[in-house]
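Given the structure of chain A, go ahead and fit chain B onto it with the hints provided.
There are 2 protein chains.
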Amino acid sequence: MTVDDVPLSPTARTVVMRGRHRAGLERAALLDVLRSARICHIGVIVDGVPRVVPTVFGVDPAGPDREGTLYLHGSVASRSMIDAPDQDICVTATVVDGLVLARSAFHHSMNYRSAVVVGRPRRVEDTDERIRALDAIVDQVVPGRSIHLRSHTRKELAATAVLALSMYEASVKSRSGGPVDDDLDIERGDVWAGVVPVWEALGDAEPAADLAGDIAVPEHVDGVRRNATRG
Amino acid sequence: MTVDDVPLSPTARTVVMRGRHRAGLERAALLDVLRSARICHIGVIVDGVPRVVPTVFGVDPAGPDREGTLYLHGSVASRSMIDAPDQDICVTATVVDGLVLARSAFHHSMNYRSAVVVGRPRRVEDTDERIRALDAIVDQVVPGRSIHLRSHTRKELAATAVLALSMYEASVKSRSGGPVDDDLDIERGDVWAGVVPVWEALGDAEPAADLAGDIAVPEHVDGVRRNATRG
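Protein chains in written order, with the working numbering: chain A, 139 to 369; chain B, 139 to 369.
Think of the hints as simulated: they come from the structure by calculation, not from any bench.
One should not assume that every hint holds.
A pair counts as met if it fits within one copy or between any two copies, since identical chains are not told apart.
Said to hold, decoys possible - Below, computed lysine to aspartate or glutamate pairings styled on EDC-like, alpha-carbon distance capped at 16 Å:
no., residue 1, residue 2
1, Lys293, Asp198
2, Lys293, Asp320
3, Lys293, Glu263
4, Lys293, Glu164
5, Lys293, Asp319
6, Lys293, Asp323
7, Lys293, Asp170
Bound-form chain A, shown alone (with noise of 0.2 Å):
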């Protein structure tokens, strides 16, 4: 078993509190949680209340924030996007790899990947920027896609609110391996123990009632399955 926690930066918030092994240096680590997860969990306060809200995200590793930006966007009417940049919020992926049974209860666990990044976000006012971050947005989900879609008209970018995140304060946690049981437990031998493999499987595009008929599956959209981590 390997359960690793990676503190990207030395800011407490963002150091794991126990089984610190490394200090740092992580960032791949951090690129492929970003990478691997469909959608991340974003907290804000609201009202007093942290709101934690599920949505997708882009990523620049070459972006502007201090060791590249990661991107959130959503209604300009959104109570999240609107508290968000008078605070510090926190963005957490979460990959889950595996259900991990053990033979005592409390030796049960997931095998996971998962990255957390925290800080105040920036509100994306330039256009050519908030453009790059749309599209990182699509091109997180479908790889390629942005580049065949029509350019994002001036009404949709009004409604629509940019954060921008560094990357900076992160940190990455993840579990892998068989479970680890008690020695008792494992002599007694009468109980199965293992690993259910746990993975995001993709389905054949579907396409749109309101289709044309003489229109294929892109390359693009093909190509999104045959990079799923499996199956």
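Frame of chain A; chain B shown alone:
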């Protein structure tokens, strides 16, 4: 396309702000999302910052709290577990059902189901309820597994914090169906649009390296795979 915002209680913080078609009643939708989700993300304010952490959970629709109980657990040393009972927390469980590829970036979306439960958690002190909660958390991952495991030891119970959250303040949000595009983009007819279905796949159970050779994969472990959404 269907977008449903289903507030299950009349409090402002769980009433989804836009697209509120129906009030109340949809307890079944809440339990469906919680049944389908492998993990949740909990939001707890730690040192003034919303910390969003992935974790497993258990559900007891007949639990002692109003509208039933959602159980969480963690190390007694975890800051999230220590700080949570003195504040309102948010638990969000999300299931991704599809990638919605529209003709424009603006109309790209996800098909998903997301449940949000908000409230001040109760620290569970009663031993019988703590055991029921921990068994519910195991059975959420693999239904029917807890009865095959030995009893929790006193030491294990002492190391584990258990929190109970009423499912009263809750909301469910979901999207299903194909992309909804602007008429002009449909008429132009130059971009493929549709849905790529997404689901959680489970692989063959992999025995632990230290498992005795004569212990076969039990029925309840096979069952978790058969009951997976698809595939």
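**Hint check against the structure, violated hint numbers in rising order** = 1, 4 and 7
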